[in-house]
Amino acid sequence: MGRLKRLVSLWRNLFRKQRADRELDDELQSYVQLLADEKIRSGINAEQARRGARIEFGGVEQVKEQVRQARAGHLLEAFWRDLRLAIRGLRKRPGFTLIVVLSLALGIGANAAIFSLVDAIVFRPLPIPHGSEVIAIDTAASKLTRYGGSSYLDYADFCARAKSFKTLAISQQTSVGMNAATAAPAGKPENVAALLVSANFFSALEVQPVLGRAFVPEEDQVPEKYPVAIISYSLWNRVFSKDPDVAGKIIKLNGHSFNVVGVAPKSFTGIDLFYRPDIFVPAMMSAQVMADGTDTLKQRSYRAFDIRGRLNPGVSVAQAQAEMNVIMGDLETEHPDSNKDNVAIVRTEMGRRLELSDVSAPMILTALVILVLLMACANVASLLMARATSRLKETSMQLALGATRACLVRQFLTESAVLAALGGGAGILLADAAIKGFGAYVPSTGISEGPDFRLDLRALACVAIIAAISVLLFGLAPSFMAVKDAWSAVMTTRSSASAGRSFSSIARRVLIGGQIALSVVLLIVSGLFLKSFTHSQNIDLGFNPNHILLVTINPQLRGYSNEQATRFHEQLLQRISVLPQVKSATVAARVPFLGGGSWDLSIDGYTAPDGEKFLDLLNDQVDPHYFSIMQIPILCGREFTASDNRKSPGVAVVNEALAKRYLTGGGDLSKALGHIIRLRDSAPIQIVGVAKDSSYGSIGNPPPPVFYLAYQQQGGPNATLVVRTVSDPAILIPAIRAEMSTLDAEITPVSVMKMTDLISQRGLFLPRIVTMLGSAFGFVAMSLAAIGLYGVVTFMVGHRTQEIGIRMTLGAQRGEILRMVLANGLTLAATGLVVGLAIALLATPLLRTILLGVSPWDPATFAAVAIVLITATAIASWIPASRAAHVDPMVALRHD
Amino acid sequence: MPPDPTNLLQGTLDMMILKSLALTAMHGLGIARRIEQITKGTFQVKPGSLFPSLHRMEEEGWLTSTWGESENNRRAKYYKLTAAGRRQLETETKRWGRISLAIARALEAS
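Residue numbers (the working numbering), protein chains in the order written: chain A, 1 to 896; chain B, 897 to 1006.
Any given hint could be a false lead.
Just so you have them, the derived chain B footprint on chain A, three or more residues with Cβ under 8 angstroms [claimed, not checked]:
1. 84-91
2. 192-199
In the PhoX-like style, the derived pairs of lysine-lysine whose C-alpha atoms are separated by at most 20 angstroms in a straight line are [stated by the list, open to error]:
3. A:583 x A:754
4. A:266 x A:298
5. B:973 x A:17
6. B:942 x B:915
7. B:990 x B:915
8. B:936 x B:915
9. A:692 x A:671
10. A:92 x A:583
11. B:936 x A:64
12. A:39 x B:915
13. A:64 x B:973
14. B:990 x B:942
Over the 10 angstroms line for every Cβ pair with chain B, so calculated as not near, a few chain A residues [to be verified]:
15. 302
16. 637
17. 857
No lab work stands behind these hints: they were computed from the structure.
What you are looking at is a predicted structure, and each value in this text was computed from that prediction instead of being measured.
The beta-carbon is built from N, C-alpha and C at its ideal position, and this holds for glycine as well.
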């Protein structure tokens, strides 16, 4: 009953407000009337009685406001009123609103974009049910590393012996040539990302196909018996146009027919944020999908499978790790040749990701972008303070008329919230554009690799939180100060000009000073990045990347056998070598910056300090002339020749780093020649040459040890042709494609690109992004600070107009006025600059590890930033200063 | 803004308004005068406290209001106790009795 009545009142108060107000008015009027009547009865004359009654009653408006506050729905009603007021106020000052919204949009948008970026790289959970419970098992060849794939046989033993796990599933990434045409080859095979999986893969991850079925246990038993495949949602959409009858259709993978049995859900894009497979195939079919022909399922030392799974209820990761330690110990005793010193590492999937990702660049970006947001907030806070000060009279009037302080603070905060909402909205648009920009910038290999950047709900929630924090940061202090100032103005009847020099004006100067200091820090950091980036582009790579064209082909996409593939490479090489513009050409299994591979290697006569015999070292397999074409000098010995083939003894070339670290102890390099090294198959390979160190996949780090084997002796079917040309390599691309079609009309290269493009895309991707964004943030920060300073000085001039007028009347020259105002702004700028430089001196050494060839205290960068900042602030102060100097004394004296 | 003394005495004021309405319906000024009279001038109820209380208690359902004629033919809004209001008055009176007894004992104890 009571509640119903309250609801009715709420309805009346909110929607029939005018009527309720009129009634209240009548009631109060009648009270005054009755009071007057009472006085008349006691013998006072009518005029005096009415006057007395009104005095006794007090402020009618105040009583009405108190009644309104006691009513139901008062807060809601007040909120609507504040909202209307705020929007009206903002529309009246479009310039102010625009600057505030733009500042916030930059701050909030940049944060949302960077959050999405970091999220996509590191933090996004697997898109599956209970994704956070998924654990990962890595097998490492020694205790020194913390990650590595596992072999199929080890995996089978884990499944059979371990009790800790509810389920364990494996997967292996590979790319396959896919032809969707069911009959004769209609189209060219397409290179798609594939995942070889155990049959329980989908059930282990709790992923239900949206169409058809998941794999069944029989498909995990017999090698090469069940050619079945599950396709990704995006492939289903792209190739099959969401055909509901796709189950049962035949696709060709590397020339072999596979039966499509299901479609994965749209949200499921595999277990790696950077690798989104389009085809899932049972691991039992790996002999057909992986064209190197080796049966990967039968070798205990073939460790290329990722293990994911879930723990039994109540089992902790530590318990599972303890059990795995025992199992690995047993396996070492049973299979000493393949499992010596191998350890298993059990982690949660997210824990593994955090441990293995390089988070330094994302973290730096996050720090920078938070600084930008702080600056934007400081700017908006100082603008709001200026606005509050200029509204001092209005606010004092509201206070005098009976508005409570809480009421005014609420009104100011509502205005801030509207601004934050507008800024957040604009920020989302900005972030969306930025994220699309990132997406276009991510190096692509043509298949679904690279993180999936998008502005999702997580990012939007992040925007909302940031906007809310911004309101508190920039809205609360100015509103309290405004009300405080207005209150003291009411009490002391001071003019607005003198109140302008009060607390809020000092706070504004501190804010602007802080902003200038922050922008100095940001500018110095971005200057250092810029310099480091320029340096990294000119860094000596150890080879000459100019005029080199890389043609990566994957003949296994056509179902070529190993020998067919090698023959194809040979023939293509011969044809390309004789093209005009081509100096020479060679074949390499891998090239720097385009995928790296490491093999286990033992060196006769060398044992690691921990007793480990095999080293996990970077490896490449190259044809004759590779070193001369790449212009990597051979320091001693020889490079490979055509006579190093399958019939001749195994030979190797090692780089300087490997020779020094493992063979010569830093002494004469020629001592390395003649040493014997062995792969896991333990056939002896003799070192015949030492090559100079060259970059392999990252710029600026010391070159890692690398060993090169003869492609003729150890190469697989996949290779990259390395072509050195006379001039711009790009002009050769059509000719090379034509030669390829002549050999096999249906083969297409995986990629054709210039070495220089590859380096700037791959090796410099993160530095480039950090540099680009860092510079952008630095510039935005400085602009914000300059706008803030301009605002402060303009405001100061406005409030000292009268003083300036008096000074000029008393004989001050325009030059003196100009100097006075300019000094005011520049003192602030100089203070900010000094503080900023001091902070930068303390902070930049933290960046030492990621700066290439530039000192964290680079004097040139510091000096340049100081000059740029002084110039910008001088301009920002000059404009209002010169306006002040041209004030007409007569006008100024009459001011206010 | 002057400090608002009614916050302290909110419950007390409500109780006295309910009490003054226990016998007959009254308008705002009547209620104020009645409270003054029964407390022998100790409590002088100002409109700024009286009207918010009246409106809130009406929304609570303890009072109802109607427009009527005053003794000297002025239009005035009369407040009347509802059944719920009467119950509220009883609880308030009991509570107040307990509190005042407790306070009196506490003061005597020393």
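Hints and how they fare:
no., hint, in the structure
1, 84-91, "violated (count 0)"
2, 192-199, "violated (count 0)"
3, A:583 x A:754, "holds (15 angstroms)"
4, A:266 x A:298, "violated (34 angstroms)"
5, B:973 x A:17, "holds (18 angstroms)"
6, B:942 x B:915, "holds (17 angstroms)"
7, B:990 x B:915, "holds (13 angstroms)"
8, B:936 x B:915, "holds (15 angstroms)"
9, A:692 x A:671, "holds (15 angstroms)"
10, A:92 x A:583, "violated (71 angstroms)"
11, B:936 x A:64, "violated (28 angstroms)"
12, A:39 x B:915, "violated (26 angstroms)"
13, A:64 x B:973, "holds (16 angstroms)"
14, B:990 x B:942, "violated (26 angstroms)"
15, 302, "holds (79 angstroms)"
16, 637, "holds (93 angstroms)"
17, 857, "holds (56 angstroms)"
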